[in-house]
Amino acid sequence: MRPPSHRLRFGAGVLLGAAAGIWLSHGILDDARREISAETEVRKATVTLQALATLVQRADPREIASTWQARTPSIAQLRIARGMQLLASSAALDKADRAAPRRLMREEKPLYDRGQRLATAVTTNREEGARKAEIEVEWLPGPRLLLAGPLEENSAPVGAIEIETVPLQPPPKAGWDLFALAVAGAVFAFAVLALLIGERRLQLSLAAAACLGVALLLLGRWSIARGEEDRRKGMTAIAQRIEEQSALAQSLGGATAQWDVDEFRKPRGEIPGGHLRGSLLAADAVALALLFLSGLGAFHHLGAALRKNRQAYVYIAPAILGMVLLVFYPFAYGITLSFTDSNIYNTGKSIPEIWVGLRNYAEILGQFSFVRRSETGWVFNYLNFYWTLFFTIVWTVCNVSLGVTSGLFLALLLNTRALALRPVYRVLLILPWALPNYITALIWKGMFHQQFGVINQVLQMFGAAPVNWFDRPFTSFLTAWATNGWLSFPFMMVISLGALQSIPADLYEAARVDGASRWQQFKAITLPSLRPALVPAVIISVIWTFNMFNIIYLVTGGDPGGSTEILVTQAYKFAFERYRYGYAAAYSTVIFGILLVYGVIQNRVSRATEA
Amino acid sequence: MARSRREQEVPHALLHGILAIATLLTIYPVLWVICIAFSGKQTLAIADLPATPGFFDRLRAVIPWPERWTPANFVSVMTDQPFGRWVLNSIVVAVFTTLFGIFLSCTAAYAFSRFKFPGRRAGMMGFLVSQMFPGTLMLIPLYIIMVSVLGLGSTRLGLVIVYATTSIPFSVWMLKGYFDTIPKELEEAAIIEGASAGTIFWRIVLPLAKPAVAITALFSFMTSWNEFILAATFMDREDMYTAPVGLRFFVGGYSQQWGYFAAGSIIVSIPVVLLFLYLQKYLVSGLTAGSVKG
Amino acid sequence: MNRRVLALACLASAAAAAQGELVVWHSYRAAEKAAIEKVVAAYNGSHPGAKVTTLAVPYDAFADKISAAVPRGKGPDVFIYAQDRLGGWIEAGNTVEPIDFFLDEATRSRFIPSTLEAMTYRGTVWGLPVNYKVITLIYNKKLVEKPPADTKELVALGKKLTDRAAGRFGLAYWYSDYYYHAALQNAFGGRVFDGSSAKPVLNAPENVKGLELLVSWLDAGILPAEPSTALITALFNGGKAAMIFTGPWFLGEIDPSIQWGLALLPRAVEAGNKPLRPWMTVEGAFIAAPSKRKDTAYDFVKFLTDRPSAKTMALEGRQSPSNKAAYEDPIVANDPVLKAFRAQVEVAVPMPNLPEMTMVWSPATIMMASVAKRTIAPKAALDKAQAEVLKAVAELHRK
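Protein chains in written order, with my numbering: chain A, 1 to 611; chain B, 1 to 294; chain C, 1 to 399.
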């Protein structure tokens with residue numbers, strides 16, 4: 001094969017990197033400018049709405065509405081509703097027999113509902129602290145903005161004031177010319193340098209990085225300047241709107257009030273710059289990564305690998321596709337959620353709005369309150385994360401060992417040749433797997449009932465005292481352990497039975513000829529031969545048992561006092577009892593992390609012993 | 001000769017003793033399910049003990065035997081709702097899940113076992129990793145993909161895809177382990193004779209891996225067989241429900257009709273037992289697998 | 001003549017409102033399912049052009065299915081479910097449609113007021129109440145001649161009928177479950193949340209008195225240890241529990257050999273002779289927010305809660321309808337079961353429908369278990385539970 005041309009590879013890298021970096025930067029800049037422009041428009045409209053709200057409180061809404069509307073060209077229409085009554089409207093339709101004041105019509109239900117919603121928001125916020133938006137913002141096609149705030153009488157919310165803007169200016173967009181120039185410049189500069197350098201890899205890579213870097217840097221500076229300029233313009237526009245509305249309000253007999261407010265009607269400061277700089281740097285990093293991947297031949301190797309192992313990839317592709325589709329999207333969803341404060345009160349908000357970084361993780365991992373004072377002395381805090389983790393590990397280790405040993409033991413017995421009734425035993429022994437565990441788990445729970453459970457009956461038949469199983473963590477654990485052991489051994493038994501079939505009979509024959517005992521045969525032949533099938537089964541079992549929600553939930557329910565909760569039942573409680581989705585997602589991600597570490601270590605260990 | 005020596009080593013009576021005890025312990029809770037199902041009543045059994053129970057009162061209480069035997073619960077389960085139809089749906093979904101799951105995991109496991117290619121370890125690890133994230137929060141994202149994006153709500157195909165995907169990771173790992181134990185010499189010989197990769201896989205490797213394929217089949221079947229929440233969430237038509245969904249009608253909310261649930265559970269477990277009876281011949285081929293060496 | 005024209009016009013407008021296919025989800029089974037299907041058939045028959053179809057969803061999957069499907073526009077037009085998840089769905093958004101706007105005075109006044117209150121969340125009505133469930137006193141007629149009118153009589157009678165050695169109890173109910181216990185606490189004016197806000201007040205003095213009343217019953221020795229539904233059923237069917245507090249769901253489990261009667265929960269002498277006030281759960285018919293046929297949907301839920309439908313559900317589904325007029329029907333009025341629950345609901349309190357309520361159950365269960373075992377004093381137990389709920393609510397409300 002011909003040695004690869006470094007110049008060609010780096011050249012392609014510069015082109016690819018520049019194209020990708022510039023495409024990303026362009027998108028980022030557009031997004032940032034769109035955001036700034038949207039923020040500006042919303043704030044301008046908010047100022048307008050608040051000015052109107054202040055005026056409406058002072059005088060007859062209908063009069064104010066018509067004079068104010070006439071002198072506020074930025075607003076296309078306004079509507080004021082008090083309960084079921086339309087107090088004022090400047091909508092084109094609401095003339096003659098539809099003119100305000102009148103009862104709201106069927107198609108105006110959204111306006112009525114808005115009033116109810118805003119009233120609820122205002123009262124809730126007064127009673128329980130700001131949590132619900134008191135100003136609703138909606139984008140309509142056009143683009144136009146619809147804003148609504150509460151109508152207040154004697155500071156009691158009674159309805160809604162709604163304004164609709166005229167079609168807004170579309171946000172400024174950067175053209176492609178400058179960006180195209182940057183790509184061309186980078187490629188041209190590198191081409192010249194490459195001719196001078198020749199096939200020397202280190203120098204080529206430095207030159208390529210320099211060309212690409214300079215192009216991106218210049219473009220970045222220009223982009224940031226555009227963003228700053230937009231922000232300045234936005235702030236000026238808001239200030240202008242405030243002045244304009246103040247003047248209008250004064251002329252209509254009102255006084256100024258705090259108008260530039262957020263959705264909770266709290267004052268706010270400058271338009272945030274957003275993450276323009278950070279995002280641009282990330283785009284640059286992507287571009288440089290592409291450059292080096294191409295330059296150092298990664299794409300080439302990838303293509304070669306794909307071609308060479310085409311058959312293998314075709315074989316695994318369908319399974320992998322299914323995984324990617326159904327597993328990794330939910331993964332990404334869960335992990336993203338774990339960095340937010342997502343809960344039932346903010347499901348409508350976007351991810352950046354509820355982003356809290358590592359706060360959930362810090363809270364989960366930072367629980368060191370192991371004991372708590374009570375009137376009867378110190379009490380162990382079973383709801384602590386580390387106790388739950390410890391318990392989960394104990395639970396997993398006990399269950400998997402019990403399942404594997406009993407399953408393997410029974411499989412060995414059942415594998416005895418010429419043993420009568422084998423098919424009968426086998427079928428009866430898999431019954432725990434065949435029946436829905438929802439009922440069998442509850443039967444087990446019933447068997448441990450203090451007064452009527454059969455286990456205590458048997459204890460009492462032989463003169464022992466009945467045990468209150470769910471009163472102490474240890475005995476409570478035993479109940480769940482017994483249940484899960486019973487449920488899981490058939491699976492292990494079936495796996496072991498299958499694996500036993502792969503052991504060639506002549507191995508035993510040879511061992512017997514050598515005079516090996518049964519135990520020696522088991523150790524030297526059976527166990528090593530079972531390894532390939534048992535190790536994956538054990539690994540998977542550990543993962544399943546670690547996340548075995550049903551049994552704990554149905555049998556112990558965490559009793560006593562949450563001491564027998566495992567991590568996954570805790571995560572469930574945070575999501576479905578406390579409605580803290582972000583926190584629960586972080587809990588799940590921690591579980592995932594622990595299992596991942598286990599998986600990697602286990603994999604290393606098995607590989608080491610394999611060799 | 002080997003047989004007679006073995007029989008001398010461990011007396012079968014002892015084995016029978018151990019197995020009998022294990023079997024008794026195993027089926028004891030199952031007997032309670034049967035007892036509740038045939039009792040004609042709806043409560044999870046609670047013993048009716050006299051005030052100061054003696055030994056025999058207690059013995060009576062621990063024996064799962066209903067006061068009277070009646071098939072009333074079974075009759076109600078089968079006639080008050082289209083339970084037979086729901087079991088049939090379950091069978092259709094489970095059979096296709098099994099076929100689909102076996103096909104996908106056999107091919108993937110074979111590739112992982114026989115080919116050395118970049119990404120092999122990562123791929124295996126990926127399958128494992130997919131089992132690690134707790135499923136409690138997965139309902140909504142799965143719903144978004146399957147129903148909102150792919151539009152597979154109220155279809156059996158949707159359930160088959162989800163169940164097969166759920167069962168693949170374990171199947172791949174187990175089959176790969178099993179394939180690893182099959183000597184490569186056989187395939188090499190076949191290659192020399194000019195057999196194609198497909199022929200080798202279907203004619204040589206797969207027949208030798210029958211026990212593992214049987215386990216995979218059973219496992220895939222069970223994965224779909226008892227699943228409740230996804231089936232109940234994805235299906236918007238009563239005639240598309242699966243048996244576990246039908247079963248849950250008996251015990252949700254305020255009234256808990258455990259008699260119906262127990263009867264339904266027994267009906268639902270019959271196909272599993274039949275499948276196992278069919279598959280177990282692959283798990284008990286005696287120690288004939290020695291012929292692998294050929 | 002004039003009247004007939006008006007009636008025709010009304011019919012025509014109703015038919016116009018009822019166009020297109022309407023999907024209704026419910027979690028009923030057996031008789032209840034048959035009853036609602038009959039009502040739906042009646043609607044389809046009287047509204048040409050309308051086609052209402054129903055889907056039964058298992059109760060255990062219902063809430064999750066609604067939360068997954070409805071906000072994505074894939075769900076039903078109408079769904080029927082208990083009010084306890086209502087607040088959660090409203091706060092999650094795009095799930096339940098407020099119906100205040102539709103609700104006229106005539107419709108409003110057709111319901112038992114407290115059932116409509118259960119459909120109200122933060123001042124807005126979100127659904128029409130269909131049926132309610134409430135606990136009442138059920139007694140064994142062989143053992144109890146005249147059910148007790150107040151708690152003094154209850155304890156006296158209970159003591160007389162209790163023979164612990166023989167495993168007989170005067171009174172049995174699932175007293176360690178907060179839902180059942182609420183009847184005692186509510187008699188004193190107790191509550192979980194302060195007004196309609198989400199401020200937990202679990203350790204309010206009234207709640208302490210409620211728990212103390214329970215403790216006094218435990219001291220009187222009239223209650224069995226470790227209560228559970230299975231235990232109560234076994235005791236009552238074995239003739240070993242004279243009186244039990246339970247709801248309509250229990251009636252199907254009573255052994256045919258037992259002669260039983262229903263009565264109001266007694267008045268609490270300790271609470272100034274105020275009645276024990278159980279929590280009630282109300283099954284509401286809610287309109288899905290993304291529904292494209294909200295007018296038809298509202299027309300249907302109105303039909304579902306009118307007098308003839310309520311009668312069908314009462315007599316054939318054996319449910320207690322929220323429609324007052326249904327009880328004027330002679331057959332319903334003479335039905336001892338329906339009559340008894342109708343009387344009990346007069347003093348019942350709607351169970352809170354705030355989403356924060358789900359945070360109360362776990363701590364409350366632990367609290368009730370420890371008080372039932374007498375390991376902690378009522379006040380201390382309530383303080384502990386209050387602290388836990390307060391913490392959980394604060395974490396959710398944190399900004």
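A couple of the hints might just be wrong.
[As the list claims (entries may be wrong)] Okay, the calculated beta carbon distance ranges per label pair:
1. A:Asp97 - C:Lys292: 26 to 32 Å
2. B:Leu25 - A:Pro352: 53 to 59 Å
3. A:Ala239 - C:Ala394: 34 to 40 Å
4. B:Thr79 - A:Leu459: 40 to 46 Å
Quick caveat, the hints were computed from the structure, so don't treat them as lab data. Quantities reported herein were computed from a predicted structural model and do not represent experimental measurements. By construction, the Cβ of each residue, glycine as well, lies at the ideal position given by its N, Cα and C atoms.
Results for each hint:
no.	hint	verdict
1	A:Asp97 - C:Lys292: 26 to 32 Å	29 Å, holds
2	B:Leu25 - A:Pro352: 53 to 59 Å	57 Å, holds
3	A:Ala239 - C:Ala394: 34 to 40 Å	38 Å, holds
4	B:Thr79 - A:Leu459: 40 to 46 Å	42 Å, holds
In terms of the numbered hints stated before, the structure departs from none.
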